[in-house]
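For chain W, the structure is supplied; the task is to place chain P on it using the hints.
First to last, the protein sequences are chains W and P.
In this text, residue positions in the first sequence follow the working numbering: the first is 1, and each later residue adds one.
In this text, residue positions in the second sequence follow the working numbering: the first is 132, and each later residue adds one.
Treat the hints as calculated values from the structure; they're not laboratory data.
Owing to the predicted nature of the structure, the values given are computational and were not obtained by experimental measurement.
Treat each hint with caution, since some may be false.
Said to hold, decoys possible - Computed from the model, here is a short list of chain W residues facing chain P with C-beta under 8 Å: (1) L38; (2) V41; (3) P51; (4) H127.
Note that beta-carbon positions come from the ideal geometry of N, C-alpha and C, so glycine has one too.
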Amino acid sequence: MTRRERPLSPFLIYRFDYTMVLSFAHRVTGVLLAGGGLVLVAWLLALACGPDAYARVDDILDSWLFRLLLLGWLFSFCFHLANGIRHLAWDLGYGFEKSHARLSGWIVVMVAAVMTAGFVWVALERHGGMS
Amino acid sequence: MSAGAIKSGVSHWRWQRLTALALVPLGLCLVFSLSRLDVLDYGSVSDWLARPLNALVVALFVLFSSLHSQLGLQVVIEDYVHDQRVQRTAVRLAGFAHVVIAAAGVLAVIRVAGGGAT
Numbered sequence: 001m002t003r004r005e006r007p008l009s010p011f012l013i014y015r016f017d018y019t020m021v022l023s024f025a026h027r028v029t030g031v032l033l034a035g036g037g038l039v040l041v042a043w044l045l046a047l048a049c050g051p052d053a054y055a056r057v058d059d060i061l062d063s064w065l066f067r068l069l070l071l072g073w074l075f076s077f078c079f080h081l082a083n084g085i086r087h088l089a090w091d092l093g094y095g096f097e098k099s100h101a102r103l104s105g106w107i108v109v110m111v112a113a114v115m116t117a118g119f120v121w122v123a124l125e126r127h128g129g130m131s
Numbered sequence: 132m133s134a135g136a137i138k139s140g141v142s143h144w145r146w147q148r149l150t151a152l153a154l155v156p157l158g159l160c161l162v163f164s165l166s167r168l169d170v171l172d173y174g175s176v177s178d179w180l181a182r183p184l185n186a187l188v189v190a191l192f193v194l195f196s197s198l199h200s201q202l203g204l205q206v207v208i209e210d211y212v213h214d215q216r217v218q219r220t221a222v223r224l225a226g227f228a229h230v231v232i233a234a235a236g237v238l239a240v241i242r243v244a245g246g247g248a249t
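Looking at chain W on its own, in the form it has when it is part of the complex:
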């Protein structure tokens, strides 16, 4: 009996390219956002339970740890959205060329960074500082 040759994993075949990091980042941000959705619903439940229950989660919402998490979720959202549109373009058959994929990858990172900064700016503008 001869052993059939097993297929190799992509990372053993292809030379490293930063587009691979973006591809994996799409997954990681997606999983993070699944957790964010859970927290969003927990927040809605606290809201539905009335003012007293909501006052009890104020301390959590006001903490620096939560702000840091929010920033992480915000960036994940922006990146996943921008890169998701890149995926949808691929589904339609656009941008498959290697140079195009690398360029669109850079654009996605830039767009995600600018979007994140934009939302943070809106939030700070609205609340007049970090108080």
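Quick look at chain P alone, frame taken from chain W:
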């Protein structure tokens, strides 16, 4: 490969794209609203959610993002969990959790928007 993934492959692919498309405007609306909201103030948050259009956006976002999240996590589970039995159980558990989360979210929105909480 799991047979389930092959059997329902086209529908999985289509729903992942459809929910993705819907989540682009819904997500942008929601995140923009949230960034402008005084989250620490119960009154302003409940007033915001009591508006029908906002309630609709949040409810639809919860529904579509739950489905999108389940479809995505299913792929991640199928890629990294190789034991068939564990894999199937994990996908089902994730599905159950997503249904519970989506239902809880939508009910919470209805309660606040319907004035039940105030």
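Handout entry: Numbers of unmet hints, in rising order
Key = Failing hints: none at all.
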